[in-house]
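Chemist: Protein chains in written order, with the working numbering: chain A, 1 to 467; chain B, 1001 to 1298.
Simulated from the structure, these hints should not be mistaken for lab results. You may find that some hints are simply not true.
Mimicking BS3-like on lysine-lysine, the simulated pairs with C-alpha atoms at most 27 Å apart in a straight line are [as the list claims (entries may be wrong)]:
| hint | chain 1 | residue 1 | chain 2 | residue 2 |
| --- | --- | --- | --- | --- |
| 1 | B | LYS1287 | B | LYS1045 |
| 2 | B | LYS1232 | B | LYS1264 |
| 3 | A | LYS361 | B | LYS1287 |
| 4 | B | LYS1287 | B | LYS1055 |
| 5 | A | LYS344 | A | LYS361 |
| 6 | B | LYS1130 | B | LYS1178 |
| 7 | A | LYS344 | B | LYS1130 |
| 8 | B | LYS1055 | B | LYS1045 |
| 9 | A | LYS361 | B | LYS1176 |
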Amino acid sequence: MSVNAPERLIETYFPTDEEYDRHLGKRTRRGFLVRSLFLLALIIAVVALVTLLYTIINDSFGLVAIVNQQEPEDIVASLGHDSEETGLGDLSHDELVSILQGGVSTNVGRRLERDQRFYEDRLVFESEAVFAEICSSAEPPAGCDAAPRDQASVLQLVQERIVQPDIIDVEELVPSLTSPEEFQQRVEQIFINSPERFGEYTFDQVQFEWRAWLNPTFVRTPASGTPETAGIRTAVLGSFWIVVITVLFAVPVGVGAAVYLEEFARPSRLNDFVQTNINNLAGVPSIVYGMLGLAILVRALEPLTSGRVFGVENANGRTLISAGITLALLTLPVVIIASQEALKAVPNSLRQAGMGLGATKWQTVRSQVLPVAVPGILTGVILAVARAIGETAPLILVGAASFFTADPTGPFSRYTALPIQIFQWTSLPQVEWKHLAAAASLFLLIMLLILNAGAVILRNRYSRRPS
Amino acid sequence: MTNETQETLDLTEQEGSEATSPTTEAPAAEQMGSNGLAPGVIETKNMDVFYGDFKAVHDVSLKFQFNEISALIGPSGCGKSTVLRSLNRMNDLIPTARTTGEVMYHGANIYADGVDPVAVRRQIGMVFQKPNPFPKTIYQNILWGAKINGFKGSKSEADDLVENALQQAAIWDEVKDKLQESGLSLSGGQQQRLCIARAIATQPDVVLMDEPCSSLDPIATLRIEELMLELKKRYSIIIVTHNMQQAARVSDRTAFFNVELNTKGQRTGELIEFSPTDQLFTSPKEKATEDYITGRFG
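Construct the complete structure from the given sequences, taking the supplied hints into account.
Modeler: This is how it looks when you write it as structure tokens:
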């Protein structure tokens, strides 16, 4: 139905009613078309995100076919417990040590004991005299001073050394749910086709169990050469240290630069030049920052970044502090630009009000402008941290270790980081590594989510507070 | 508190020092009142203001008196706000702005070398066109100006200062129960009175008001006008207004500005007439003033 005024004098350069109606239809259709295109764009983005999540989650959970060298039930039963009621984890410290004593060679036992003792007051594998001699040598092993192993630690040793689970094959989440019997048939087929691969095992010994590749043990254990015992502890701690160093460096420097550019600098050619360069730096490939970090931080500033100046024994500058500062430089343009935008959004009337009361520029900025800009600045910092936590390429250049098992102890430690660990695992041929990489990716995503949620809460609190 | 005016102001003094060691010595000029013989609280001498190469106002010589309300009126673009902002060096905040000539405050040129504009603004406060309370509590809105100027009083003295300022601005009764709420939670008229309270909490000597009622409804406007009449007993007030009735109602003296087209085709503001308000509105000396106040243009 058309809406037209009944009798009206209309200037000739306007369309007739009929033309107007036709034109209106065209205008409406064009709007609808554009809206549909935007919706399509949104759908593409959502599909991409869902696919990513699907892939990661699909690989992070699923069925595994395991053969144990020794069944935990048998071990428990051999100690006289009811294997129905008691699990391996319920055994006492003493019982677990006795299992180890019976299961591993004396040489292995001695090595374990030198790493960490089993008891405070006595030795299990080593004789007191030899141990005392070793401990008084020039480089005593860790076991001389470290606290003795607790029950959980001994339990882990029993799992690794005695039970020795061997993963035959793994299945992804969705087929595990829809057709578990297909997986069983596949494993059986492996045994039929190549029985020699598994030595004395038979298919009857294979156990099918559900496994969440991302589990507390996975997060708590350091990297390992075998997928059954590999974890991400070292990488998580490394990433955490890097992010902390990045934030400590990038936020003060970035916000400071933004405040200077927005509040203090008078417009000039030089300023425009600096501004243009900052905007360009935000788009420089991260590998270039890696090269910068390698040349400046790792090589040129080696005495500083290796910590030698501060009395830390270290071979080179491939340390956490080099990585943190490299990523800080990488994220600096993002922090500066976001902070500048946040400062620009603060109404000028607030600055005038402050100055009009006889405040200095800095008093006005500090008390009136910055508090209003904090939510925007925080958004920039979140973006920067998210980028830093997932960045891989520069870390490879500034010397993140691809296989490293010692916890970082300070900013001058050697390290590895989560993205590096994931990258390394995905390049390994065994299928289990793929699942471990997926689990590590999932953990990285969850860490990001927690970080973002925390920052959003912080931001909301800041923008709601009147003072 | 009595009106604190200082005969000789060391404007280069560090910020805040005035607040902690106020000089209560009243200058002789104050007793003379507005008989025209006094040097005036603020006096501009052949003041020009430029924005870059553009001359915004030309050759303004004005003398504002103690305890009076002086109004600046004129058509849009005549530079009256520019003149007002030059009186406490707020124009310095605009990078391209430049002022020549002299602006004497108690006989000292505030544009002289070595004068810190921060110290000028501490004595000559400002209320803006749009209410602009800080996004903080009402209490903090008032106290901040005093604090940055070196207020060192105890908690109870701070409470007194806040109450006193709010009472002078005739808003105490409305906000006394919600001092810890955001200044932005108030209505437009209340916000503007809060801004006036904030300006007078630092105990300035002069208050500049740049169209303080232009975004307010008639009732709120009336309240601000009553407030101005009350405040002029303690402060000297200079107000820019678009509203001729307002100028006629509240001001003691009125300056009329007009726009002149110069040879380059630029519009430069000029002072046409500065007289006692009743005189300017009843028997203007200049033809342009008469045309403007009778509504023939502008």
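Chemist: Under the criterion that the straight-line Cα-Cα distance not exceed 27 Å, is the pair A/LYS344, A/LYS361 satisfied?
Modeler: Holds. A/LYS344 to A/LYS361 sits at ~15 Å (cutoff 27 Å).
Chemist: Regarding the pair B/LYS1287 and B/LYS1055, is the alpha-carbon distance no greater than 27 Å?
Modeler: With Cα atoms ~24 Å apart, B/LYS1287 and B/LYS1055 stay inside 27 Å; holds.
Chemist: Hey, A/LYS344 versus B/LYS1130, does the alpha-carbon distance stay inside 27 Å?
Modeler: With Cα atoms ~19 Å apart, A/LYS344 and B/LYS1130 stay inside 27 Å; holds.
Chemist: For a C-alpha distance cap of 27 Å, please report whether B/LYS1130 and B/LYS1178 respect it.
Modeler: holds, 22 Å
Chemist: So if I understand the rule, the pair passes when the alpha-carbon distance is 27 Å or less; does A/LYS361 with B/LYS1287 pass?
Modeler: violated, 44 Å
Chemist: Given the hint that B/LYS1232 pairs with B/LYS1264, test it: the Cα-Cα distance must not exceed 27 Å.
Modeler: violated, 41 Å
Chemist: Mind checking the alpha carbons of A/LYS361 and B/LYS1176 for me, to see if they're no more than 27 Å apart?
Modeler: violated, 31 Å
Chemist: Holds or violated: B/LYS1055 with B/LYS1045, Cα cutoff 27 Å?
Modeler: holds, 16 Å
Chemist: For a C-alpha distance cap of 27 Å, please report whether B/LYS1287 and B/LYS1045 respect it.
Modeler: holds, 24 Å
Hint compliance for this structure: hints 2, 3, 9 are not met, and every other hint is.
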